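**Q** Starting from the given sequences, assemble the full structure and let the hints guide the process.
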Amino acid sequence: VKNNEIVLNVSFDATSGLDMGNEWITFSARFGGVSRKIEVPVDNVLAIYARENGQGMAFPVERSIPE
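Residue numbering for the sequence shown follows our numbering, starting at -14 and increasing by one per position.
I should point out that these hints are in silico values taken from the structure, not numbers from a laboratory. Note that the coordinates shown come from a computational prediction; the quantities given were computed from them, not determined experimentally. It cannot be assumed that every hint is accurate.
Stated by the list, open to error - Listed next, with one range per pair, are the computed distances between beta-carbon atoms: (1) A(-1) / V27: 16 to 22 Å; (2) G18 / G41: 16 to 22 Å; (3) A(-1) / Q40: 17 to 23 Å; (4) N38 / M5: 17 to 23 Å; (5) K(-13) / V27: 28 to 34 Å; (6) E47 / G17: 28 to 34 Å; (7) N29 / A(-1): 26 to 32 Å; (8) F44 / G18: 20 to 26 Å; (9) N7 / R36: 32 to 38 Å; (10) K(-13) / R21: 28 to 34 Å; (11) P45 / S1: 14 to 20 Å; (12) G18 / N38: 29 to 35 Å; (13) G41 / T11: 18 to 24 Å; (14) P45 / M5: 15 to 21 Å.
Where is the CB? At the ideal position from N, CA and C, for every residue including glycine.
**A** The structure is reproduced here in structure tokens:
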């Protein structure tokens, strides 16, 4: 975690059962040898980039002001 952001490697080699839908990105991955199911709302994704060439796309960020 850096600057309240988490970078995840969601390549087919790093995950199992990767499903990128319109509302959720879901997959299983191992952390410390323990398999975990990860579910990320698409609205919380800031960018998707290919590690091989750095090409990808960033999405608009809507930051809310803490109350």
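**Q** Each hint should be assessed against the structure and marked as holding or not.
**A** For each hint, the structure was consulted:
{"no.": "1", "hint": "A(-1) / V27: 16 to 22 Å", "verdict": "holds, 19 Å"}
{"no.": "2", "hint": "G18 / G41: 16 to 22 Å", "verdict": "violated, 29 Å"}
{"no.": "3", "hint": "A(-1) / Q40: 17 to 23 Å", "verdict": "holds, 18 Å"}
{"no.": "4", "hint": "N38 / M5: 17 to 23 Å", "verdict": "holds, 19 Å"}
{"no.": "5", "hint": "K(-13) / V27: 28 to 34 Å", "verdict": "violated, 21 Å"}
{"no.": "6", "hint": "E47 / G17: 28 to 34 Å", "verdict": "holds, 33 Å"}
{"no.": "7", "hint": "N29 / A(-1): 26 to 32 Å", "verdict": "violated, 19 Å"}
{"no.": "8", "hint": "F44 / G18: 20 to 26 Å", "verdict": "violated, 32 Å"}
{"no.": "9", "hint": "N7 / R36: 32 to 38 Å", "verdict": "violated, 24 Å"}
{"no.": "10", "hint": "K(-13) / R21: 28 to 34 Å", "verdict": "violated, 20 Å"}
{"no.": "11", "hint": "P45 / S1: 14 to 20 Å", "verdict": "violated, 30 Å"}
{"no.": "12", "hint": "G18 / N38: 29 to 35 Å", "verdict": "holds, 31 Å"}
{"no.": "13", "hint": "G41 / T11: 18 to 24 Å", "verdict": "holds, 20 Å"}
{"no.": "14", "hint": "P45 / M5: 15 to 21 Å", "verdict": "holds, 18 Å"}
Consistency with the previously given hints fails for numbers 2, 5, 7, 8, 9, 10 and 11, ordered from lowest to highest.
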